[in-house]
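Protein chains: 2
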Amino acid sequence: MPLRAQTPVNDPSYTTGGNLVFPKAYRKWVFLSSGLDMAYLPSARPGQSTFTNVFVNPESYDAFLQTGTWPDKTTLVLEVRTAADSGSIIRGGHYQSDVAHTEVHVKDTARFKGGWAFFGFADEAPAQMIPRNATCYSCHQDHGAVDTTFVQFYPTLLPIARDKKTFGAGYLADETKATQQH
Amino acid sequence: MPLRAQTPVNDPSYTTGGNLVFPKAYRKWVFLSSGLDMAYLPSARPGQSTFTNVFVNPESYDAFLQTGTWPDKTTLVLEVRTAADSGSIIRGGHYQSDVAHTEVHVKDTARFKGGWAFFGFADEAPAQMIPRNATCYSCHQDHGAVDTTFVQFYPTLLPIARDKKTFGAGYLADETKATQQH
Chain Y
700 MPLRAQTPVN DPSYTTGGNL VFPKAYRKWV FLSSGLDMAY LPSARPGQST FTNVFVNPES
760 YDAFLQTGTW PDKTTLVLEV RTAADSGSII RGGHYQSDVA HTEVHVKDTA RFKGGWAFFG
820 FADEAPAQMI PRNATCYSCH QDHGAVDTTF VQFYPTLLPI ARDKKTFGAG YLADETKATQ
880 QH
Chain C
700 MPLRAQTPVN DPSYTTGGNL VFPKAYRKWV FLSSGLDMAY LPSARPGQST FTNVFVNPES
760 YDAFLQTGTW PDKTTLVLEV RTAADSGSII RGGHYQSDVA HTEVHVKDTA RFKGGWAFFG
820 FADEAPAQMI PRNATCYSCH QDHGAVDTTF VQFYPTLLPI ARDKKTFGAG YLADETKATQ
880 QH
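Taken in sequence, the protein lines are chains Y and C.
So for the first sequence, my numbering puts the first residue at 700; every next one is plus one.
So for the second sequence, my numbering puts the first residue at 700; every next one is plus one.
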């Protein structure tokens, strides 16, 4: 039997050159949350409003509910969609339109230093790993609530992590600082 | 064998008094889209910004991909969450916080006149049907793209419905009117 047949269907898959294969089934995975125009720096806002939907493979979601953290082979997909504000019967607010691009965060401890890597997809072709000096790595490392991921923005998972005491040191320091300022 | 064991796990379930049992598993169903402060009347905006996440049972999602419309026993869940705009490392935009309430739209042709009914949940207790003279029924009937549902706001399903030619007459009239005004 080929080795491939033993790999669970939602595990990350790579080309021989090490590019990540696009996880085409992600729209049937578990939805974690959506944001609109979330910004992390006090900089000027971009012109086009976008929603960011986050999905995770269901096996890892179930594991998180049990343990408060992510197992190996976890794949988080950030889907960026343009925000529409007119059309149909809409008189206010924003709804989701086309996909602009997707970003994928993969935990694969045998493959990646630090356990995790990011990949950016303009379409469904396999994508190269984003270099480790990109700011996504340091920001997730320093501020992600659990295991370099932004569980503070996933409302169904945040209470699980609190209960299981799986918050990282950087997140706890951020929270302490925020409390002292109030 | 009790009759209950033969009912597919995600089919709608009712109390003996006809109230809908809350579909507790909906966060593992298929996500259709999220909106922020979507409004349908040119009225004043409410003070608290909210996101609206929509989920559907996976059996009905798969059926829609094949047919462009909803099978009997379809359950759509609209989850309303407060929109937060500060906390953690956020310097702009909105992210999702607590559930404010949920609304459920069920297709059960043997039970409901017109095929569909709405239910509003303040918590997870079984809920009464929303009376048929409520505006949700007439607005969905007159403007929903497919079978009284707002598929025009579900970007993964809209192209399927266009391809399968399952748009309703009201939606097509709205689109014609919009085209003539441009």
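Think of the hints as simulated: they come from the structure by calculation, not from any bench.
You may find that some hints are simply not true.
All copies of an identical chain are treated as equivalent in the list; a pair is satisfied when it fits inside any one copy or across any two copies.
In silico lysine-lysine, DSS-like type, Cα no more than 30 Å apart, as pairs [as the list claims (entries may be wrong)]:
no.: 1; residue 1: 723; residue 2: 876
no.: 2; residue 1: 876; residue 2: 772
no.: 3; residue 1: 727; residue 2: 876
no.: 4; residue 1: 864; residue 2: 772
no.: 5; residue 1: 772; residue 2: 863
no.: 6; residue 1: 864; residue 2: 723
Computed from a prediction, not measured in an experiment: that's the story for all the values here.
Hint check against the structure, violated hint numbers in rising order
As far as the earlier hints go, 1, 2 and 3 are violated by this structure, in ascending order.
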